[in-house]
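*Asks:* Sequence:
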Amino acid sequence: MLAFLGLAMVMVFTFLIMTKRLSPIVALTVVPIVFAIIGGFGGTTGVMMLDGLKMVAPSAALLLFAILFFGLMIDSGLFDPLIRKILKRVNGDPMKIAVGTALLSLTVALDGDGTTTYMITCAAMLPLYKRIGMNPMILGIVAMLSLSVMSGMTPWGGPATRAIAALGLDAGEYFIPLLPTMIGGAAWVVFTAFVLGRAERKRIGNVLLHSGGGDCYIKAILSDSPHKRPKLAYVNLMLVSAVMLALVMGLMHSAILFLIGFVLALMINYPQLDIQKERILAHSGNAMTVVLLVFAAGIFAGIFSGTKMVDALAQTLVDWIPPEWGHLFPLVVAITSMPLTFVLSNDAYYFGVVPILANAAAAYGISPLEIARASVMGQPVHLMSPLVASTLLLVGMIDRDIGDFQKGAVKWAVMTSLVVTALALLTGGLTLFV
Numbered sequence: 000m001l002a003f004l005g006l007a008m009v010m011v012f013t014f015l016i017m018t019k020r021l022s023p024i025v026a027l028t029v030v031p032i033v034f035a036i037i038g039g040f041g042g043t044t045g046v047m048m049l050d051g052l053k054m055v056a057p058s059a060a061l062l063l064f065a066i067l068f069f070g071l072m073i074d075s076g077l078f079d080p081l082i083r084k085i086l087k088r089v090n091g092d093p094m095k096i097a098v099g100t101a102l103l104s105l106t107v108a109l110d111g112d113g114t115t116t117y118m119i120t121c122a123a124m125l126p127l128y129k130r131i132g133m134n135p136m137i138l139g140i141v142a143m144l145s146l147s148v149m150s151g152m153t154p155w156g157g158p159a160t161r162a163i164a165a166l167g168l169d170a171g172e173y174f175i176p177l178l179p180t181m182i183g184g185a186a187w188v189v190f191t192a193f194v195l196g197r198a199e200r201k202r203i204g205n206v207l208l209h210s211g212g213g214d215c216y217i218k219a220i221l222s223d224s225p226h227k228r229p230k231l232a233y234v235n236l237m238l239v240s241a242v243m244l245a246l247v248m249g250l251m252h253s254a255i256l257f258l259i260g261f262v263l264a265l266m267i268n269y270p271q272l273d274i275q276k277e278r279i280l281a282h283s284g285n286a287m288t289v290v291l292l293v294f295a296a297g298i299f300a301g302i303f304s305g306t307k308m309v310d311a312l313a314q315t316l317v318d319w320i321p322p323e324w325g326h327l328f329p330l331v332v333a334i335t336s337m338p339l340t341f342v343l344s345n346d347a348y349y350f351g352v353v354p355i356l357a358n359a360a361a362a363y364g365i366s367p368l369e370i371a372r373a374s375v376m377g378q379p380v381h382l383m384s385p386l387v388a389s390t391l392l393l394v395g396m397i398d399r400d401i402g403d404f405q406k407g408a409v410k411w412a413v414m415t416s417l418v419v420t421a422l423a424l425l426t427g428g429l430t431l432f433v
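Each residue of the sequence shown is one higher than the one before, counting from 0 in numbering that gives the first Met the number 0.
It should be emphasised that the hints constitute simulated quantities derived from the structure, not laboratory data. Hints may contain errors.
Said to hold, decoys possible - Cross-link-like lysine-lysine pairs, in silico, BS3-like; alpha carbons within 30 angstroms at most: (1) Lys230 / Lys95; (2) Lys95 / Lys84; (3) Lys230 / Lys87; (4) Lys129 / Lys53; (5) Lys201 / Lys410; (6) Lys307 / Lys227; (7) Lys227 / Lys84; (8) Lys84 / Lys53; (9) Lys19 / Lys406; (10) Lys19 / Lys307; (11) Lys84 / Lys201; (12) Lys53 / Lys87; (13) Lys201 / Lys406; (14) Lys95 / Lys307; (15) Lys406 / Lys53; (16) Lys201 / Lys87; (17) Lys95 / Lys129; (18) Lys201 / Lys95; (19) Lys129 / Lys227; (20) Lys19 / Lys53; (21) Lys129 / Lys410; (22) Lys84 / Lys307; (23) Lys87 / Lys227; (24) Lys201 / Lys230; (25) Lys227 / Lys95; (26) Lys19 / Lys276; (27) Lys129 / Lys406; (28) Lys95 / Lys406; (29) Lys230 / Lys53.
To be verified - Just the calculated beta-carbon pair ranges, DEER-fashion: (30) Ile175 / Pro270: 29 to 39 angstroms; (31) His326 / Leu6: 21 to 31 angstroms; (32) Val331 / Gly132: 11 to 21 angstroms; (33) Ile37 / Ile267: 45 to 55 angstroms; (34) Leu6 / Lys276: 32 to 42 angstroms.
In this text, a Cβ means the ideal position worked out from N, Cα and C, and glycines have one as well.
Put together the whole structure using the sequences plus the hints.
*Replies:* See the structure below:
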């Protein structure tokens, strides 16, 4: 009965999200409450909800301060020197432009936000693509793959944040074993950009652009802003490096690290109180929406686990899987995450499906940390989905139809998912034997 109730809850939640009958925040809150009452758990629903909120609170704090921190770094113009160097080095060589696109988008994608990544990358590189007649589809594919690796795997990115919140994991324990995979994945994205750019160079050849005087193409691409702080670029770079180093070393909780980093960035770059308020408000919209989503996920996860629905579903799944296949569970999750995340939103997959998979894997002695890592391997394929709002923004910015974009990107997205899965297995992020 509990297994059926849990499956029905997941299916109803997924249907409401997919058909846009309810927003993710509303569905994550209302659906589990209704099913808890149907299952006879009305008297303890409040306690389960509170337990769920406590479970996801650290992840919500991490996400909030990470978005604000990287948002300030972008505002201050930290990445402008990188953009200038990239533009100067690539000039009109399509192969260099594609690789430069990869380096830029990989860097910007560290903030975990697809919209920011696509807007900055397209704003910097698209004028150059158009100027020399280069196919903007290459920009879209490279930017999407970059986001899938950097935002898809980092604990402050959307997919990993959902997985961590849904399973109640520690962000550091999840992320550090995945670092070699992320670095290797970034190298693969650069290689992919090289291949695509080389093919484009054969098609259109090299174009010489003016890099000096009033006709300089770099000045036309980079515009000034009153919020940029070019004199503090090295200070900001040291601050970002220090935060990331402390995160890798596990000196303190990641949420605290980003809180400290955000406060220091605010004081260093915008000491005036009115400007501080303005910058916080500029980024608080996106940050608060995602934080509310995480807390709503806590409601869903708290009821899902508190009613034992997830345990019943996991046991049913275990009963269906031959025992000799148990050690392959992380690989199965990694491979199936590609089609599942394409047809499901991240909310539906990470809050509805991943907890079931994690509990099933526990029967074979597999840590939920491995299931969380495996679940993000399909993100390159997920980001082709029309369900992803930032992808619709991207295809709009490069002026391409979503169907055409999917046809051009599918091969590279699947290959990237397979490559990062193989890297995770080789470097210990995922294991097949316990």
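*Asks:* A separate judgement is required for each hint: does it hold in the structure or not?
*Replies:* Each hint, compared with the structure:
1. Our distance criterion of 30 angstroms between C-alpha atoms is met by Lys230 and Lys95, whose separation comes to about 28 angstroms.
2. Between Lys95 and Lys84, the direct Cα distance comes to roughly 12 angstroms. Compliance with the 30 angstroms bound is thereby established for this hinted pair.
3. Distance restraint check for Lys230 and Lys87: the Cα-Cα separation of roughly 20 angstroms lies within the 30 angstroms cut-off, and the hinted pair is therefore satisfied.
4. Of the supplied pair hints, the one linking Lys129 and Lys53 is violated, its CA atoms being roughly 50 angstroms apart against a limit of 30 angstroms.
5. Of the supplied pair hints, the one linking Lys201 and Lys410 holds, its CA atoms being roughly 21 angstroms apart against a limit of 30 angstroms.
6. This hinted pair does not check out: Lys307 and Lys227 have alpha carbons roughly 52 angstroms apart, beyond 30 angstroms.
7. At most 30 angstroms may separate the alpha-carbon atoms for a hinted pair to count; Lys227 and Lys84 meet this at roughly 17 angstroms.
8. Between Lys84 and Lys53 the alpha-carbon distance is near 45 angstroms, which puts this suggested pair outside the 30 angstroms criterion.
9. Distance check on the hinted pair: Lys19 and Lys406 sit about 25 angstroms apart at the alpha-carbon level, within 30 angstroms; holds.
10. Proximity of Lys19 to Lys307 is assessed by CA-CA distance (about 28 angstroms); at most 30 angstroms being required, the pair is judged to hold.
11. A C-alpha spacing of about 24 angstroms is found between Lys84 and Lys201, which places the hinted pair at or below 30 angstroms, so the restraint holds.
12. The straight-line distance between the Cα atoms of Lys53 and Lys87 is roughly 49 angstroms, outside the 30 angstroms bound, and the hint therefore fails.
13. Taking the CA atoms of Lys201 and Lys406, the gap is about 21 angstroms. The hint holds against a cut of 30 angstroms.
14. Taken as a hint, the Lys95 and Lys307 pair is broken in the structure, with Cα atoms around 54 angstroms apart against an allowance of 30 angstroms.
15. The hinted pair formed by Lys406 and Lys53 fails the criterion: a straight-line CA distance of about 43 angstroms is larger than 30 angstroms.
16. With a C-alpha separation of about 21 angstroms, the suggested pair Lys201 and Lys87 falls inside the 30 angstroms cut-off, and the hint holds.
17. Of the pairs offered as hints, the one joining Lys95 and Lys129 holds, with about 15 angstroms between alpha carbons and a cut-off of 30 angstroms not exceeded.
18. Between the alpha carbons of Lys201 and Lys95 the distance comes to roughly 13 angstroms, so the proposed pair stays at or under 30 angstroms and holds.
19. Note on Lys129 and Lys227: the hinted pairing holds, with a Cα-Cα distance of about 26 angstroms set against a maximum of 30 angstroms.
20. At roughly 28 angstroms between alpha-carbon atoms, Lys19 and Lys53 fall within 30 angstroms of each other, so this suggested pair holds.
21. Simply put, Lys129 and Lys410 have alpha-carbon atoms about 24 angstroms apart, close enough for the 30 angstroms limit, and the pair holds.
22. Simply put, Lys84 and Lys307 have alpha-carbon atoms about 55 angstroms apart, too far for the 30 angstroms limit, and the pair is violated.
23. The straight-line distance between the Cα atoms of Lys87 and Lys227 is roughly 20 angstroms, inside the 30 angstroms bound, and the hint therefore holds.
24. Restraint check for Lys201 and Lys230: the C-alpha separation of about 40 angstroms exceeds 30 angstroms, so the hint is violated.
25. Between Lys227 and Lys95, the direct Cα distance comes to roughly 27 angstroms. Compliance with the 30 angstroms bound is thereby established for this hinted pair.
26. With a C-alpha separation of about 34 angstroms, the suggested pairing of Lys19 with Lys276 is violated against the 30 angstroms cut-off.
27. Annotation: proposed proximity of Lys129 to Lys406 holds, straight-line Cα distance about 21 angstroms (limit 30 angstroms).
28. With a C-alpha separation of about 24 angstroms, the suggested pair Lys95 and Lys406 falls inside the 30 angstroms cut-off, and the hint holds.
29. Using a Cα cut-off of 30 angstroms, the hinted pair Lys230 and Lys53 is violated, with the two alpha carbons roughly 42 angstroms apart.
30. Remark: the range hint 29 to 39 angstroms for Ile175 to Pro270 is upheld by a beta-carbon distance near 34 angstroms.
31. Checked against the hint of 21 to 31 angstroms, the pair His326 and Leu6 passes, with Cβ atoms roughly 26 angstroms apart.
32. Distance hint for Val331 and Gly132: a CB-CB separation of about 45 angstroms, inconsistent with the stated range 11 to 21 angstroms.
33. Range check, Ile37 to Ile267: Cβ separation about 53 angstroms, and the 45 to 55 angstroms hint holds.
34. As the Cβ distance of Leu6 to Lys276 is approximately 47 angstroms, the hint placing it in 32 to 42 angstroms is violated.
The structure fails to meet hints 4, 6, 8, 12, 14, 15, 22, 24, 26, 29, 32 and 34 from the earlier list, while all remaining hints are met.
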